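Colleague: Next come the chains, spelled out residue by residue.
2 protein chains.
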Amino acid sequence: MVKVAVAQAHLQVGDVPANILKTLNLIDTVSNLGAQVVVLPELANSGYVYQNKQELIKSLENTDALQMWQDKSKQYQNIIVAGFAQVEGDKVYNRSAIIDSGKILEIYTKVHLWDKEIGIFTAGNKAPKVVNSSIGKISTLICYDLEFPEYVRIPVIANVELIVVPTNWPKGFYNRPTKENYPMELIKAMAAAATNKIWIAICDRTGEERGVQWLESSCVINPDGWPVALVGPGEGYAIQDLDLSLAHDKAISPSNHIFNDRRNDLYK
Amino acid sequence: MVKVAVAQAHLQVGDVPANILKTLNLIDTVSNLGAQVVVLPELANSGYVYQNKQELIKSLENTDALQMWQDKSKQYQNIIVAGFAQVEGDKVYNRSAIIDSGKILEIYTKVHLWDKEIGIFTAGNKAPKVVNSSIGKISTLICYDLEFPEYVRIPVIANVELIVVPTNWPKGFYNRPTKENYPMELIKAMAAAATNKIWIAICDRTGEERGVQWLESSCVINPDGWPVALVGPGEGYAIQDLDLSLAHDKAISPSNHIFNDRRNDLYK
Chain A
231 MVKVAVAQAH
241 LQVGDVPANI
251 LKTLNLIDTV
261 SNLGAQVVVL
271 PELANSGYVY
281 QNKQELIKSL
291 ENTDALQMWQ
301 DKSKQYQNII
311 VAGFAQVEGD
321 KVYNRSAIID
331 SGKILEIYTK
341 VHLWDKEIGI
351 FTAGNKAPKV
361 VNSSIGKIST
371 LICYDLEFPE
381 YVRIPVIANV
391 ELIVVPTNWP
401 KGFYNRPTKE
411 NYPMELIKAM
421 AAAATNKIWI
431 AICDRTGEER
441 GVQWLESSCV
451 INPDGWPVAL
461 VGPGEGYAIQ
471 DLDLSLAHDK
481 AISPSNHIFN
491 DRRNDLYK
Chain B
231 MVKVAVAQAH
241 LQVGDVPANI
251 LKTLNLIDTV
261 SNLGAQVVVL
271 PELANSGYVY
281 QNKQELIKSL
291 ENTDALQMWQ
301 DKSKQYQNII
311 VAGFAQVEGD
321 KVYNRSAIID
331 SGKILEIYTK
341 VHLWDKEIGI
351 FTAGNKAPKV
361 VNSSIGKIST
371 LICYDLEFPE
381 YVRIPVIANV
391 ELIVVPTNWP
401 KGFYNRPTKE
411 NYPMELIKAM
421 AAAATNKIWI
431 AICDRTGEER
441 GVQWLESSCV
451 INPDGWPVAL
461 VGPGEGYAIQ
471 DLDLSLAHDK
481 AISPSNHIFN
491 DRRNDLYK
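Going down the list, the sequences are from chains A and B. The numbering of the first sequence is my numbering, which starts it at 231 and goes up by one. The numbering of the second sequence is my numbering, which starts it at 231 and goes up by one.
Just chain A, with the same shape it has in the complex (with noise of 0.2 Å):
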């Protein structure tokens, strides 16, 4: 069994170093509790709700909060995956790490940019890496990046076992009607999980920034595709154990599988 814990941070637009203490203190708190994985929010250095390009540069500066959660990584030993923005030259990207030991084992830039990110971040040209890690095969999407089915086929195809996703997902889209349980976003997710038999750990946010609230829809998914473990409203995490070899097995019925149903001769 492996233990993942997400935690649901409250942050601030403009404050990085407040941000950055704040996610060393969920840190500190899930890994003495035993966390072997902790997955933080997207942009978890930054906040969100940036006006323009120039402020999020300028309120990066003079901050290191990958430095930061390598320190914890290594000083825990465990498995931190962290959204965050990263300038590079005139550029910024929306960007989560997986550090494992202290040691950096992939930073996987944004794809499938969301809003108003489009006029902030550079969108990434790769598609995300399986990596080896000392508690199995993981990989790492953000955010929108999840609602492209044939995007999350890739990790999956390569075996994959749990995929990490640091999100913002900001309230107000899908009209979601007030009977249902679960935004639209979640439940994308989850069939997602169901699809393809994985695991899926999401670290959402809470409070508001710039009047933007937050769906605070935190949660580790089993590979039938339930949501296992919920946050729920506020500050907060939820820690889980999940038995990775799960997702090895792609049967779903006698005679069914994941892998040998698929008729990519036809998917074009």
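If you're looking for bench data, these hints aren't it; they were derived computationally from the structure. What you are looking at is a predicted structure, and each value in this text was computed from that prediction instead of being measured. You may find that some hints are simply not true.
Identical copies carry no separate label here, and so any pair may be met within one copy or between two of them.
Okay, derived cross-link-like pairs now, DSBU-like style, lysine-lysine, Cα gap no bigger than 30 Å in a straight line [unchecked claim]:
no., residue 1, residue 2
1, Lys480, Lys356
2, Lys333, Lys356
3, Lys321, Lys288
4, Lys409, Lys302
5, Lys409, Lys288
6, Lys401, Lys480
7, Lys346, Lys283
8, Lys346, Lys333
9, Lys498, Lys480
10, Lys321, Lys480
11, Lys480, Lys302
12, Lys356, Lys498
13, Lys346, Lys480
14, Lys356, Lys367
15, Lys367, Lys498
16, Lys321, Lys252
17, Lys359, Lys498
18, Lys283, Lys356
19, Lys233, Lys367
20, Lys233, Lys283
21, Lys409, Lys480
22, Lys346, Lys367
23, Lys498, Lys321
Given chain A, work out where chain B should sit, using these hints.
Modeller: Just chain B now, with coordinates in the frame of chain A:
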């Protein structure tokens, strides 16, 4: 607006004439209520739980469901989409017909076969066509076909407005927790509708055949992914007015678009 009915029939393995009569009665009922599209379950002529191919072929002798559905469609000048077993030589196919005012517009053969179907039916080799019907652009898939997102994309990219899905969803798969509102089969369908911004009309089964029960989850799902009409337990139907033009608008935020956001360069 287009009035669509899903007619969740109680069918019985082995008694094809009784099954056909049942479907004709349901067609009468919903057509007299103004249904412009009538959707019947998968294998609506034959029932489902056959021991082997020979038993199924024998039960289909001297019956012609297709002709009787054509007559009804001509009589009501509406569209009937029905699943049926069809014998050709020594093979049997699991098919769905789109019949418009008596005329057959499409005969689709199920590509992704479920469980024991594999020993009985020959799988199809063609992706679904988008048919220009009297009410708009429609396609039909059958049951398990809907669980392959790459496959659903094919009619979507060809601008389908409504996907019509005759299905027999057997109970007991995907380990559904009792607290969950919807079965995973339906969750996947909801995700498919929202991911593609299309209407989906699903006609499931009721009753019991040789110990197999059904999810009784016939429904109409809107382009935001939410079920707007559900039949519920037992034999019955749901009728729903659909604005098919909603499927033309692929925008999901001021800057995001189902088609434009796809990164075909990365989906291998």
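Colleague: Does each hint hold? Answer for all of them.
Modeller: Hints versus structure:
{"no.": "1", "hint": "Lys480 to Lys356", "in the structure": "both (26 Å within a copy, 25 Å between copies)"}
{"no.": "2", "hint": "Lys333 to Lys356", "in the structure": "within (21 Å within a copy, 48 Å between copies)"}
{"no.": "3", "hint": "Lys321 to Lys288", "in the structure": "within (12 Å within a copy, 69 Å between copies)"}
{"no.": "4", "hint": "Lys409 to Lys302", "in the structure": "neither (41 Å within a copy, 38 Å between copies)"}
{"no.": "5", "hint": "Lys409 to Lys288", "in the structure": "neither (43 Å within a copy, 47 Å between copies)"}
{"no.": "6", "hint": "Lys401 to Lys480", "in the structure": "between (34 Å within a copy, 19 Å between copies)"}
{"no.": "7", "hint": "Lys346 to Lys283", "in the structure": "within (10 Å within a copy, 57 Å between copies)"}
{"no.": "8", "hint": "Lys346 to Lys333", "in the structure": "neither (32 Å within a copy, 49 Å between copies)"}
{"no.": "9", "hint": "Lys498 to Lys480", "in the structure": "both (23 Å within a copy, 20 Å between copies)"}
{"no.": "10", "hint": "Lys321 to Lys480", "in the structure": "between (41 Å within a copy, 29 Å between copies)"}
{"no.": "11", "hint": "Lys480 to Lys302", "in the structure": "neither (35 Å within a copy, 43 Å between copies)"}
{"no.": "12", "hint": "Lys356 to Lys498", "in the structure": "both (20 Å within a copy, 12 Å between copies)"}
{"no.": "13", "hint": "Lys346 to Lys480", "in the structure": "between (38 Å within a copy, 18 Å between copies)"}
{"no.": "14", "hint": "Lys356 to Lys367", "in the structure": "within (18 Å within a copy, 35 Å between copies)"}
{"no.": "15", "hint": "Lys367 to Lys498", "in the structure": "both (28 Å within a copy, 20 Å between copies)"}
{"no.": "16", "hint": "Lys321 to Lys252", "in the structure": "within (26 Å within a copy, 65 Å between copies)"}
{"no.": "17", "hint": "Lys359 to Lys498", "in the structure": "both (23 Å within a copy, 13 Å between copies)"}
{"no.": "18", "hint": "Lys283 to Lys356", "in the structure": "within (22 Å within a copy, 48 Å between copies)"}
{"no.": "19", "hint": "Lys233 to Lys367", "in the structure": "within (15 Å within a copy, 48 Å between copies)"}
{"no.": "20", "hint": "Lys233 to Lys283", "in the structure": "neither (37 Å within a copy, 48 Å between copies)"}
{"no.": "21", "hint": "Lys409 to Lys480", "in the structure": "between (33 Å within a copy, 25 Å between copies)"}
{"no.": "22", "hint": "Lys346 to Lys367", "in the structure": "neither (32 Å within a copy, 33 Å between copies)"}
{"no.": "23", "hint": "Lys498 to Lys321", "in the structure": "between (34 Å within a copy, 27 Å between copies)"}
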